[in-house]
Amino acid sequence: MKTTANATCPFCGCLCDDLSVTIEDNRIISVDNGCALANAKFLDDKRLQHPVIRENNRLRESSYEEAIEISADLLKNADRPLFFGWSGTQVEAQCAGVNLCEVLGGVIDNTSSICHGPSILAIQEVGHPGCTLGQVKNRADLVIYWGCNPSESHPRHLSKYTTYASGFFVKNAHRERKLIVVDVRKTESADLADEFVQINPGGDYAVLSALRAIVRGRSDFIPETVSGVPKAQLKRIVDICKEAKFGAIFFGLGLTMSENKYKNVRNAIELTRELSRHTKFTITPMRGHWNVYGANEAFTWLTGYPYAVDFARGTAYYNPGETSAVDILARRECDVMFVIGSDPGAHLPRKCLEYMSKIPVILVDPHVNCTSVFADVQIPVAIAGIETSGTAYRMDGVPLMTKKLIETDFPTDTEIINRIHEIVVG
Amino acid sequence: MKYIMLTGRSIKQGESIEQKLSQNYSLITSTCFMNLLDMVNLELEDGENIRAISDSGSVVFHVAGDEGLKSGTVFIPYGPYCNMLISELTHGSGMPDFKSCEIEIGRTDENVLSVIDLLSEAGGKEL
Ligand code: SF4
Numbered sequence: 001m002k003t004t005a006n007a008t009c010p011f012c013g014c015l016c017d018d019l020s021v022t023i024e025d026n027r028i029i030s031v032d033n034g035c036a037l038a039n040a041k042f043l044d045d046k047r048l049q050h051p052v053i054r055e056n057n058r059l060r061e062s063s064y065e066e067a068i069e070i071s072a073d074l075l076k077n078a079d080r081p082l083f084f085g086w087s088g089t090q091v092e093a094q095c096a097g098v099n100l101c102e103v104l105g106g107v108i109d110n111t112s113s114i115c116h117g118p119s120i121l122a123i124q125e126v127g128h129p130g131c132t133l134g135q136v137k138n139r140a141d142l143v144i145y146w147g148c149n150p151s152e153s154h155p156r157h158l159s160k161y162t163t164y165a166s167g168f169f170v171k172n173a174h175r176e177r178k179l180i181v182v183d184v185r186k187t188e189s190a191d192l193a194d195e196f197v198q199i200n201p202g203g204d205y206a207v208l209s210a211l212r213a214i215v216r217g218r219s220d221f222i223p224e225t226v227s228g229v230p231k232a233q234l235k236r237i238v239d240i241c242k243e244a245k246f247g248a249i250f251f252g253l254g255l256t257m258s259e260n261k262y263k264n265v266r267n268a269i270e271l272t273r274e275l276s277r278h279t280k281f282t283i284t285p286m287r288g289h290w291n292v293y294g295a296n297e298a299f300t301w302l303t304g305y306p307y308a309v310d311f312a313r314g315t316a317y318y319n320p321g322e323t324s325a326v327d328i329l330a331r332r333e334c335d336v337m338f339v340i341g342s343d344p345g346a347h348l349p350r351k352c353l354e355y356m357s358k359i360p361v362i363l364v365d366p367h368v369n370c371t372s373v374f375a376d377v378q379i380p381v382a383i384a385g386i387e388t389s390g391t392a393y394r395m396d397g398v399p400l401m402t403k404k405l406i407e408t409d410f411p412t413d414t415e416i417i418n419r420i421h422e423i424v425v426g
Numbered sequence: 001m002k003y004i005m006l007t008g009r010s011i012k013q014g015e016s017i018e019q020k021l022s023q024n025y026s027l028i029t030s031t032c033f034m035n036l037l038d039m040v041n042l043e044l045e046d047g048e049n050i051r052a053i054s055d056s057g058s059v060v061f062h063v064a065g066d067e068g069l070k071s072g073t074v075f076i077p078y079g080p081y082c083n084m085l086i087s088e089l090t091h092g093s094g095m096p097d098f099k100s101c102e103i104e105i106g107r108t109d110e111n112v113l114s115v116i117d118l119l120s121e122a123g124g125k126e127l
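First to last, the sequence lines map onto chains A and B.
With the numbering used here as the guide, the letters of the first sequence map in order to residues 1 to 426.
With the numbering used here as the guide, the letters of the second sequence map in order to residues 1 to 127.
Treat the hints with care, as some may be off.
What the hints assert, rightly or not - In the DSSO-like style, the derived pairs of lysine-lysine whose C-alpha atoms are separated by at most 30 angstroms in a straight line are:
(1) B:Lys12 x A:Lys160
(2) A:Lys263 x B:Lys70
(3) A:Lys46 x B:Lys12
(4) B:Lys2 x A:Lys351
(5) A:Lys231 x B:Lys125
(6) A:Lys76 x A:Lys2
(7) B:Lys70 x A:Lys358
As the list claims (entries may be wrong) - Here are a few chain B residues that face chain A, going by a calculated C-beta distance under 10 angstroms:
(8) Ser10
(9) Gln23
(10) Tyr25
(11) Leu27
(12) Thr29
(13) Phe33
(14) Asp38
(15) His62
(16) Gly65
(17) Thr90
(18) Ser93
(19) Lys99
To be clear, the hints were calculated from the coordinates, so they are not data collected in a lab.
Quick reminder that beta carbons are idealized off the backbone N, C-alpha and C, glycines included.
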């Protein structure tokens, strides 16, 4: 029996790197410090044991050689292959994926297009006044969660960085740090807040604009309620913000997935900037999947663009809404789909799934999931972040090493991509 | 009456994410949380079934009450059930309306489909 200290958790964007993992006979038997999500991930032991290939509408077992050959052939013969996923694997595999897509002249998108892609669009317009989570922990005396529910999506965010995390300048976090939650739903996180602001669905943009006006001293313009929020509460929020020494806003998909999408995020960034005229304020997206930020980094340094990159013209072209996965599937444009590190079968709209059922789908994933139902080839791999080491980026853009905790005979994501690449280039 | 469907993460959904064809995952992601008054108006009790219909599809869910929801909004954990109702249109943004989809709700005696049966309605194949 051995215990590995300071293991990194490959589940959510907190990328907690303080887990203690106990291993006996090359099996994980317990995890300390992790949340319920980490426990479920580390202790899960059901997986696909062999590659499978669809033949006569049934999946049959195959060797790795055969599954890789077939995948390479499908990709080589495709006019417009779509490579999708990438947030559930390490930067090394993401780089290999971009290289493979480029030689094939395909289009590559990561899950941020259905996650914080709109946040990136907003950041490209107005910049990103962000900071690391360490700064928040040590300095922030006001935390605002907007359109997110960290108690369920990032369970240790509150205890590691905000409400329950005392820091260098915030000695007693629970007493000295105020918490505001803004959401359409009164969640568990809202129950912890000093001030909960419940807005009507689709009302974020109007509420953000109202707050900006009040910060600028123009509350005379504001009606008695804005999207379900009383003016008196909005004024109280602005007072709390102005009194803070260091305010940290965290926002979730409540802004990116509702009406107005990236414009909501742009407005939130501009509110941050407005508040920074009075005191110090920062804003950070609550990145969901553990290495989705890394996918944006790897794509950007290799292609110039963070997601939705199309190589069909021989050079990188980027236009979310056109080159993003949902739109390409909805237009029935790709003729092969390569999926890794995500499960579009569970997370894309129905029309996209209907089209996936019409084209060959190659899935690289350790588990049988909703995409397996559409797959023509599935290649099981080592579990990234538990059985393979490599780089991942935390939600604040800090790169961390994930550790290889147990030995495995399964190949890594990177090995599979590189073997396909070798066959494709001959 | 039209309802706004909000989809999102829940801790139970996250815990079952590596076993998506399990009964447990099916139960979690086919639960539609509703405002308590809205449930009274539709004469629904916890655990009963509804059929939700949008412009893009129609799916049977279990219902459960949630005090935190405003009247006219429902919450469904991320998964294949809610996505059967979401339109593929992204308004040029790449992002579908995962948190602003309008649905209608009616009581039903029909059963909730398993994940495999649900996906086969969208062309999913045999395993
Ligand atoms: S908060 Fe996220 S990264 Fe941290 S232990 Fe939980 S799932 Fe893992």
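Hints versus structure:
For the hint linking Lys12 of chain B to Lys160 of chain A, the alpha-carbon distance of about 21 angstroms falls within 30 angstroms, and the restraint holds. The suggested pairing of Lys263 of chain A with Lys70 of chain B holds, with an alpha-carbon distance near 24 angstroms, which does not exceed 30 angstroms. At most 30 angstroms may separate the alpha-carbon atoms for a hinted pair to count; Lys46 of chain A and Lys12 of chain B meet this at roughly 18 angstroms. Proximity of Lys2 of chain B to Lys351 of chain A is assessed by CA-CA distance (about 22 angstroms); at most 30 angstroms being required, the pair is judged to hold.
Restraint check for Lys231 of chain A and Lys125 of chain B: the C-alpha separation of about 53 angstroms exceeds 30 angstroms, so the hint is violated. Under the criterion of a C-alpha separation no larger than 30 angstroms, the hint pairing Lys76 of chain A with Lys2 of chain A is inconsistent with the structure, at around 45 angstroms. At roughly 40 angstroms between alpha-carbon atoms, Lys70 of chain B and Lys358 of chain A are farther apart than 30 angstroms, so this suggested pair is violated. Taken as an interface hint, Ser10 of chain B checks out: its beta carbon lies about 5 angstroms from the nearest beta carbon of chain A, inside 10 angstroms.
Interface restraint check for Gln23 of chain B: the shortest CB-CB distance to chain A comes to about 14 angstroms, outside 10 angstroms, so the restraint is violated. A least Cβ separation of about 9 angstroms between Tyr25 of chain B and chain A falls short of the 10 angstroms threshold, and the interface hint therefore holds. About 15 angstroms separates the beta-carbon of Leu27 of chain B from the nearest beta-carbon of chain A, more than 10 angstroms, and the hint is not met. Hint status for Thr29 of chain B relative to chain A: holds, with the closest Cβ pair at about 8 angstroms, below 10 angstroms.
The interface hint given for Phe33 of chain B is met, as the beta carbon of that residue sits about 9 angstroms from the closest beta carbon of chain A, less than 10 angstroms. Because the smallest distance between the Cβ of Asp38 of chain B and any Cβ of chain A comes to about 14 angstroms, over 10 angstroms, the interface hint for this residue is violated. With 10 angstroms as the threshold, the beta carbon of His62 of chain B stays out of range of chain A, its nearest partner Cβ sitting at about 18 angstroms, so the hint is violated. The interface hint given for Gly65 of chain B is broken, as the beta carbon of that residue sits about 13 angstroms from the closest beta carbon of chain A, more than 10 angstroms.
Satisfaction of the interface hint for Thr90 of chain B is found here, the shortest Cβ-Cβ separation to chain A being roughly 6 angstroms, below the 10 angstroms cut-off. The criterion of a C-beta within 10 angstroms of any C-beta in chain A is met by Ser93 of chain B, whose closest approach is roughly 5 angstroms, and the hint holds. At a threshold of 10 angstroms, the smallest CB-CB gap from Lys99 of chain B to chain A is about 4 angstroms, leaving the interface hint in force.
Going down the numbered hints, you'll see the structure goes against 5, 6, 7, 9, 11, 14, 15, 16, while the others check out.
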